Amino acid sequence: MANSMAKTISTPIDRSRPVISIRGLKKGFGNMQVLKGVDLDVYHGENLVVLGRSGSGKSVLIKIMAGLLKPDAGTVSVLGRDIARLNTKELQALRTRIGFSFQNSALYDGMDVRANLEFPLVRNKRHLSHSQIDAAIAKVLDDVGLSQTLYQMPSELSGGQRKRIGIARTLILQPEIMLYDEPTAGLDPVTSVEINDLINEVQERYHTSSVIITHDLTCAKATGDRLVMLSEGQFLRQGSFEEVFDTDDPKVKNFYNYNFIAGS
Amino acid sequence: MAYNFHPYYLNKHLNMNFGRFFLRVYAIWQFITRFFREVLLPPYEYKEIINQFFQVGIRSLSIITLTGFITGVVFTKQSRSSLAEFGAASWLPSLIAIALIRALAPLVTALIIAGKVGSNIGAELGSMKVTEQIDAMEVSSTNPFKFLVASRILATTAIVPVLAIYMGFVGLMGAYMNVHHNEQTSFTSFFQSAFMKITFLDVWVLLLKSAVYGFTIGVAGCFNGYNADQGTVGVGRAANTAVVVSMFLIFIEEMIIVQLVNYFKHG
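So the protein lines, in turn, are chains A and B.
Numbering follows the working numbering, in which position 119 of the first sequence is assigned residue number 119; successive positions increment by one, without gaps.
Numbering follows the working numbering, in which position 160 of the second sequence is assigned residue number 424; successive positions increment by one, without gaps.
Don't read these hints as lab results, they were simulated from the structure.
As the structure is a computational prediction, the values presented were derived from the model and not from experiment.
In this text, a Cβ means the ideal position worked out from N, Cα and C, and glycines have one as well.
Just so you have them, the derived chain B footprint on chain A, three or more residues with Cβ under 8 Å:
id, stretch
1, 83–96
2, 100–109
3, 120–127
Looking at chain A on its own, in the form it has when it is part of the complex:
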């Protein structure tokens, strides 16, 4: 089953151009060290999947990439800028080039779909006319296949629709990097496959580089050009899906077996 879900769409990856470069990254909360010296490069045009169990530090890693958390040690360079050295204005400017899809979509409850999509646009591209805003909203909604939901409230949408609108909200600024935090968490298998396809379509249409945080192997196989496996704050293995799981390491084996037993 896993093989039939392998990624088919692929954009050229430029391995000479890392868009995200992480060196010696450490992060802890209180006495608990979550990331223990992580090194990672994400290349231009690449979909990188970070796999790991719950609590392995995946979400912390992606939030550091977006500048939502500060590292304790190490450097995180995004699109050539060291995140820790940026002031608020510079960080805000950089964030317009990064899209972040949250685990629970994080749609603004008090706004309908249109207002959710309009919010980042009008705040970052103040020169746009009403017709340009309308066109941009129509385009991203069409891209995620939800044109009919324009005036619906988030509470009226299904889990899959909320994910799509969350992705549309990030796409409206045409980011160069997409960060997906558990894109298929809490979705049924059919909707998960649709979201996986959408991630690949986004890469194809918007020429984005992506980091996909997940513990779902089907998602990892369907969307990842390269996988890294995070365990106890360190990367265990990296490579293609087959390379990562072609090992006798019990942690990796267990992760693979339990995932597919649970998935089946």
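Following the hints, complete the assembly by docking chain B onto the known chain A.
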């Protein structure tokens, strides 16, 4: 839990709570200084500030009208017999005006806004925090503190004085209707008599202390909501703490402001 009563653990527990208390006070201080920084520095969130003025002001108007009117009527009814005993029933309009302008209007308005708006702010921001909507705002290059917090604190600070003046007026109208019903006093003579003892200082103090209460309500609601954690439990706690803390602080502030005003008035 019995070990908690052992002197060693009790001492440790108290030290920990004191430590937490001072850390919290420091966090609130940082929150307030950040508010002033964000409010003074551009860009300004005009649209959201106006929206919050509407949310706090217009949406509280009906409950302020009702409670203000009832306060005026009840206070007049309760005071009449005592004043009549000393043959001072004619002082009723002045007494009501002094009570409303100096104490009741700002205090009752602030308590109502703390319950209605403070809890709403705490719950709304708390739920936005635990569902990552605040993070989503931040990654869309919007300053959530300026957009969510500064606008709300500004709104409560500016609107509570306006509502307190309004409640004072509605309370006096309630008092007038009661006085008119019993003593057939005319509208003009009631208000002439009511404002005889009210000075500009009283009105300024009303505006000042209402602004302080409004600021307190805004800070308590926003601080607890913005720092909410632990899921839905945290949201409930944020709403609850916002109300309890702001009501408690409003009474403390009332006491301090009255002392200060009396000191400056009479030396």
